[in-house]
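Trainee: Position chains B and C against the provided structure of chain A, taking the given hints into account.
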Amino acid sequence: MGSGHAHRLYRHGHSPVHGLPPHTKLAATFAFVVVVVSTPREAMWAFGLYALLLAAVAYAARVPASFLLKRLLIEVPFVAFAVLMPFVAEGERVGVLGVSLSVNGLWGAWNVLAKGTLGVAASVLLASTTELRALLLGLQRLRLPPLLVQIASFMIRYGDVIADEMRRMRIARESRGFEARGVRHWGVLAKSAGALFIRSYERGERVHLAMVSRGYAGSMPVIDEATASRAQWSYALALPCAALVVCLLGWTL
Amino acid sequence: MTDPVTGPVTGPASEPVADVPASLDVSGLAFAYPDGHQALFGVDFSVARGERVALLGPNGAGKTTLVLHLNGILTGGTGTVAVAGLPVDRRNMAEIRRRVGIVFQDPDDQLFMPTVREDVAFGPAAAGAKGADLEARVDRALGLVGMAEFKDRPPHHLSFGQRRRVAVATVLAMEPEILVLDEPSSNLDPASRRELADILRALDVTVLMVTHDLPYALELCPRALILSDGVIAADGPTAELLADDGLMRAHRLELPFGFDPRSVPARN
Amino acid sequence: MHVPDGFINAPTSAVTGVVAAGAVAVSLRGARRELDERTAPLAGLVAAFIFAVQMLNFPVAAGTSGHLLGGALAAILVGPYTGVLCVSVVLLMQGILFADGGLTALGVNITDMAIVTTVVAYALFRGLVKVLPRTRRSVTVASFVAALVSVPAAALAFTFLYWIGGTTDVAIGKVATAMIGVHVLIGIGEAAITALTVGAVVAVRPDLVYGARGLGQRLKLRVNGELVDAPSDTGPAPAPVAARSHRKVWITGLVASLVLAGFVSFYASADPDGLEKVASDKGIDEKAEEHANADSPLADYGVEDIADARVSGGLAGVIGVGVTVVAGSAVFWAVRRRRSDDTSPSSTETTV
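Residue numbers (this note's numbering), protein chains in the order written: chain A, 15 to 267; chain B, 359 to 626; chain C, 169 to 520.
Okay, chain A solo, but in the shape it has when bound:
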């Protein structure tokens, strides 16, 4: 436990991609994914070009291909789903090696796989080249409601603290010989979860006390702000712009 989500994707580095201001990268990633999703699925070559674009970014960011590919595993449940689509979808059918498959389902599977994979790859590139702190600043700069950014910031700051508490509780359970094996142990686990909630909530109250004790009255003082030059913006937006060209070609060809 404690792995999985708690594992950070960020890879320290000094590449040109690392150096870009966070909000330009967030905007570029989002725009890129939107373009990818809007591309007609029949334009298969377009997705190949998108993949090349991302590969170029990964190269510039010095993110190794193995790292990127490993992270794509998060998609596996949907790959399983996509594989089933040709069998279950409606419409015109086509025989492949004696198996009847739905044409629409094949396209659907391709669509989900291609777009989903590109989406995950883009997000992984963003997360692996941008520090947590910077991501929050970027969200703040992109005018996400400040309260939401604060909530996210507290969640990040205390996520590890709470996951640690959870781990200590498990160790305490196990050192007293308890190991959850089935449904009949849910009560004990739920008690831990309940205790964890109480601890988290009370910590939230204490954090709030510490904040108001230092003059917090509902809004966070702005201490750092991300800024970007025109050059940095154009550098970051090169990716979605190139993708947009591909997308438009995909619609017209």
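In short, the hints are calculated from the structure, not lab data.
Virtual Cβ for every residue (Gly too), placed ideally from N, Cα, C.
It is possible that some hints are incorrect.
Claimed, not checked - Derived list of chain C stretches under chain A, where covered just means 3 residues or more per stretch with a C-beta under 8 Å from a C-beta of chain A:
#, stretch
1, 297-303
2, 311-318
Stated by the list, open to error - Covered stretches of chain A (in silico footprint by chain C; criterion: 3 or more residues with CB under 8 Å from a CB of chain C, positions within the stretch not fixed):
#, stretch
3, 70-84
4, 140-150
5, 194-200
6, 208-218
7, 225-239
8, 242-256
Mentor: Structure of chains B and C alone, referenced to chain A:
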């Protein structure tokens, strides 16, 4: 001023200062939590400017509850609190919170920002400081606790003692009138404990130190209060209170084995 | 686990994005009114809790295990507004930091996992708590039912979205049946864990359970060792919940219409097992396809007769999107009007 203290009093407080208002003045304070548990049953005391006072008491005596009243975090009970003559109420809240600096027991609660620098800057920035002035205050506060070189580190990468010192710095950056420390010595190894004591002694502010670390109280605070069952049970020179075996036993306060307050040389 | 990019088409993603943003905005104000300046740290810590508790494995049998989704739990423990915020922030962070759930599918994910789950669970929970006797056991029972229903409700909401903007034509009625079956099962697990957890919290800190709070007590003074009643000039006033019911009605109405309209298809939010199960069930039932399709309420839906699959899908999309937009803006409008009429705005926030 306050009514006479209702509990048994063993000695007078330090000599009252005539014209400067007391840093802290608490009178008739009672409070119950929303879950029904009543923690304070009428607390009265006063701390003059520049004093260093220890607030002693067993677990569950209401020490932390009392602390949370000092800057208006807990309200809604009865009684009054005034800081430097300013009553703690909604109108004065911003000013009160600037003047009362509370260092909480768990530095993880206090250090809620992503980096040490931002955390120390939080208070002054909330009060409107910015730019070079803000940076200067951050540097000065971190310098006072000897943590200047850890400025850009995330708090959870520091040792416990370092986090405690940064927590003190976050409060010092607000240039408070009175510094309130909740169990400052808890979880510190002897070296960190000594460093913190040196830092506190060098500061020129009123200090209220909530603790059940009695030797630490004796070392740092000439005067002590005993909070027991939600009232002030005793108020006097720390050395005298600690030497009163009956009083100590009555309030579940125990000196560490082999520690004799009478053998400790007086210091200030 | 969460819906990736490309699963739902771009226009539907955009519209759900707007709906999600609107609901989050409403929740921000709602949470702010309930928690005032405590919103950020408390919601942040509860979000961290939800995030952590999703990693807590509950063994089922023979090496399989499940985990909590947490929407219903959040709603019951911290209320619908804060609950929506916490789960939304968790989803946002999972999308940005862990590439879990597509960025363009964020609206879809927030709509069914944060909004539908939370609001359905909370509405049911409140309703039951009002009806049942005022005991701790009732709170546990209400939690169980609320969580049990919230999971298939989210499945239905996703089904509806998929029906509007899904990128593949799957026999929606039949999948929905299978999907509901599977998610009722998942819901039972969620319900048991949620009820046990809420029960554990109620036993220790009943004041922290949003639905079951508010019993004040008289203060006492210890005068010469005697306890006497203190003059109560400022008694602690438990926050009334009823005053906000109008807004809740609107939100519930929107969700109910979403849920009712989309009584079909499948849902891909939470559990890969659920998904795979549905898909394979579907494969097995292939021969029954014609029949099931004819029975499904949506099969009679006019667009089915239109030959071109794309046009048909588009038409369904336009209708559904239209409905969503109208419903969404009705809620917005209602909330805004109500806000401007409100005589007790968030003035406490601005107090210096």
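Trainee: Taking the numbered hints from earlier one at a time, note which ones the structure violates and give those numbers from smallest to largest.
Mentor: 1, 2, 3 and 8
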